[in-house]
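S.K.: Protein chains in written order, with the working numbering: chain A, 138 to 498; chain B, -8 to 357; chain C, 156 to 481.
Hints are computed from structural coordinates only; laboratory data are not their basis.
Every value quoted in this text rests on a predicted model; they were computed, and no experiment measured them.
Any given hint could turn out to be false.
Derived SDA-like pairs (lysine to any residue); straight-line CA-CA distance at most 25 angstroms [to be verified]:
no.: 1; chain 1: A; residue 1: Lys422; chain 2: B; residue 2: Pro25
no.: 2; chain 1: A; residue 1: Lys437; chain 2: B; residue 2: Ala34
no.: 3; chain 1: A; residue 1: Lys453; chain 2: B; residue 2: Leu56
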Amino acid sequence: MADEGLPVIARFEVHRRSYLAPDGTVLRPLPDFASDMSKLLALYRGMVLTRAFDLKAVSLQRTGRLGTYAVSLGQEAVSVGIASAMREEDVLLPSYRDNGTLLWRGTKMEEILLFWGGDERGNLSSGPAHDFPYCIPVGSQAPQAAGVAYAFKLRKEPRVAVCLFGDGATSKGDVWEAMNFAGVHKLPLLFVANNNQWAISVPLKLQTASQTLAQKAIAAGFIGEQVDGNDVIAVRAAAEEAIAQARAGGGPRLIEALTYRLSDHTTADDAARYRPPEEVQTRWKEEPIARLRAYLVSQKAWGKAQEEELAAECQKEIEAAIERYLASSPRAPETMFDHLYAELPRAYASQRGELSRGSDA
Amino acid sequence: MRQFLFPDLGEGLEEAEIVTWHVNEGDRVVVDQPLVSVETDKAVVEVPSPWSGQIARLFGAKGDLIKVGAPLVEFAEGERGDTGTVVGELGQEEKAHREVAAPAPAPARTLQVLPAVRALARKLDVDLNLVQATGPGGTITRADVERAAKSLAEAGPAEPLRGMRRAMAQRMAAAHTEVVRTTVTDEADIEDWQKEEDATIRVVRAIAAACRDETSLNAWYNAEAGERRLIKRVDIGIAVDTEGGLIVPVLRNVGERDARDLRAGLDRLRADAAARSIPPEELRGATITLSNFGMIGGRFANLIVVPPQVAIIGAGRIDQRVLVHNGAPAARRVLPLSLTVDHRVVTGGEAARFLMALKADLERAS
Amino acid sequence: MPELTLVEAINLALARAMEEDANVVVLGEDVGVNGGVFRATVGLQQRFGAERVIDTPLAELLISGLCVGMAAQGLRPVGEIQFMGFLYPCIDQLVNHASRLRNRTQGRLSCPMVLRTPHGGGIRAPEHHSESTEAMLAHIPGLRVVMPSSPERAYGLLLASIRDPDPVVFLEPTRIYRAAKGQVEDTGEALPLDVAFVLRKGRDVTLISWGAVVKETLAAADELAAQSIDAEVIDLATLKPYDEETVVASVTKTGRCVIVHEAARTGGFGAEIAALIAERGLTSLLAPIARVTGYDTVMPLPRLEQRYIPSVARIVAATHKVCEFA
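Chain A extracted, bound-state conformation (with noise of 0.2 angstroms):
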């Protein structure tokens, strides 16, 4: 095409940010936070924190103590990088796996084991009472992400709605809509897509034919980056720059963070039914904790005592977390109707009286 001589009207660029190497050496010059080693080290913990948590349901599930739950395994830095950059009143809208971002806004651990564990009390949510719950339905949090940000825009306030999602999401009409949204109205937005390379059994190849998730945006109209989503490092500077620019009005961006799901897609999935586990042996070589350990030991941040005086505190709040869960008992059946519209209308109060009766007739 080229050599007919017709002009090239557009180019675009998606750029990699990556600190740690996967054995913890450093790449290039640090963010500014990073040389803050509480902030690393809060980093640290948090993604210890949720892998350990994470552990713990699996084996509540196992011995039929907690239904169905989705491990975050190999993408703690990606979970605790983005929510490290939020401020309070910004809003989150996850998806189902985002795990460690919940928890480090402050949803309490028995939180989300009672949502698992079958309990709608469980999304009261001790963290910011704006936060959308987790999201099942694939991808259909991003148009309301997209009127969050909006009533952002309109009410003139800086707060920013960070949207997370996976590489299957990014398939969905409902994330390509509400990029194309945020793009033309420059919407204080925050879309995170969580490439850990597999929708259930679906890798990345045949989910899309792009070479990057990152350059979507580039359709919609605004910045897409690449990030190393296990260099949590990477993760929260990306995060904090999309965030500054979407407060001080700079529209929306797209953070593509490339990691990978060291676990099956939910408990009741078996992913040797379509992986080959050498895949999965070299990934471990890069995940986000071993990596950041490194890091900090090499800065003689860490060691030996702390990690078990770590380990030793996070089963402590873990066991503690799950000892409440399992004390909790189920809602009152007629509870069902309670929060189904502001005000029960009366066509329903029978029912609801049949429920607290305790009879089916």
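With the hints as your guide, set chains B and C onto chain A.
M.R.: Showing chains B and C alone in chain A's frame:
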């Protein structure tokens, strides 16, 4: 089962303390995936998995000391079962639902009635079975109910059947459902009887005679078992009309008793019946029955055979009739005879032969 | 008092709501500069600005999802879906989210949104522009489904829907957008939701309807009156949740009922009403419950659409049959 023994991590290590497990029993792990963190003298060290596979068993809990060479993790052979889903749980063993054949529905009289009309009938205390339906498709209308209410008000009060009347109603209904009736009739020329002939006793003795000739009508039939019992002794049930209703006391062993004895017996039965003092045993066990309805009136009748009996004789009103006698018309006294049998058990031939025997005996001069 | 068409009444209610509450926002395709393809939103963008009256991209799923997000944040979004035939991409957001946001967060978040869309056929439009699938929506717990049948009720019910703290799908009868005229004063007074309107009192038979066919039903009642059948006409107005008491009381009084709806027969909302009457009014019935409905076919193209929509003659005939039953 493959066991992974705790490896020598170097520098003369003999044992180490388990700090944290990173996997659960049942997990599938891959090579190099961290299994556990253990504490040696020098550091907390992660122990990676040597194989890919499923963890069957973890040896030791947090805080336990584990010796080099001791089992650390046991791997299971074979695959984890396929859950067959990606969320929730699919139940496994479901007992096959055995289809039970629905019982045949009880035949019911279906009345086409709208609920509002039904409610009205209830309110007016009208039995819908008594209402004549004039609505489309045989439905009962409100007007139908109101009309029935009016006529029921004009009729006498409902009188529940009690005692003998109730027993008769039930017995006759049962007989009707079961028995296959056939009736054959004739007349006996009794001109040659003496003037004061005891008609009833004569008939009774003639029945006994006929039973001797044609034994198949003095019998009991058990329909359920499909068995017939021919009986030697003739015990005749005599239908008696009393104030309270129909009663059928039994005149025993008619074949062996003389006329006077039979008359005395019959009189006693009649008196007891009138006085309502018949003991129940006197009403049971008839092998054949006589209905003397002719004492009141009527000539021939289609009678009711009451199981387990198979026959009933009806004696009609004795009258003078013009018959052909010795080739010429003559006024003769005749006794009309009706014989109803249960055709499940008694053939037409047997019935006819019995009737002829009965007639022949009755036509003998006294 | 000004006489307005139904669509003008809707416009009036929208303007009123936007005036009173700065949180009310209108969004949809062509709603801003163009004032809506049916002119329901005419003048609003000029008056309230492009930030509050948004011309969205062509994306119905987006419109409904935006409404959910905005509503959760305390805005009062009123989304327009250009025709009910294009509502279906919104089902995910309506059923999976709007209807249950309050319930799944146990009241922490709620969804006070309205989605408006033209309903029903009879305007000689091409395919897919004449849908009447309200029964689908009335099935969903947590939603409200409202359908006015006159300009007065359109004004009052739309105000009520916008002010309601829960999600409402507001179905507007397309073929009487301009044909229906009424006296509508801009009082800002809402009509009650969840309540049926008895448009005509009668003794002999109850006619229940909603939307555009209320017009035919009322005309049928007039014809029946001339034949000495005194019909009571009820406009259900809110389909979910609906006014069970008014329905049962009326049928208890008359003993006869004819339900009229444009939507297809099987599983149409008339079936729900018939079931309720059978459950709670059986002993008052003097005849079977009749339904006069669209057929169980795809809504035909304009040449046949008038044979599909219940006509006055069909309603009158069905009512006669019911009254002559016994």
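S.K.: Going through the earlier hints one by one, which of them does the structure break, listed in rising order?
M.R.: Hint check: nothing fails, all pass.
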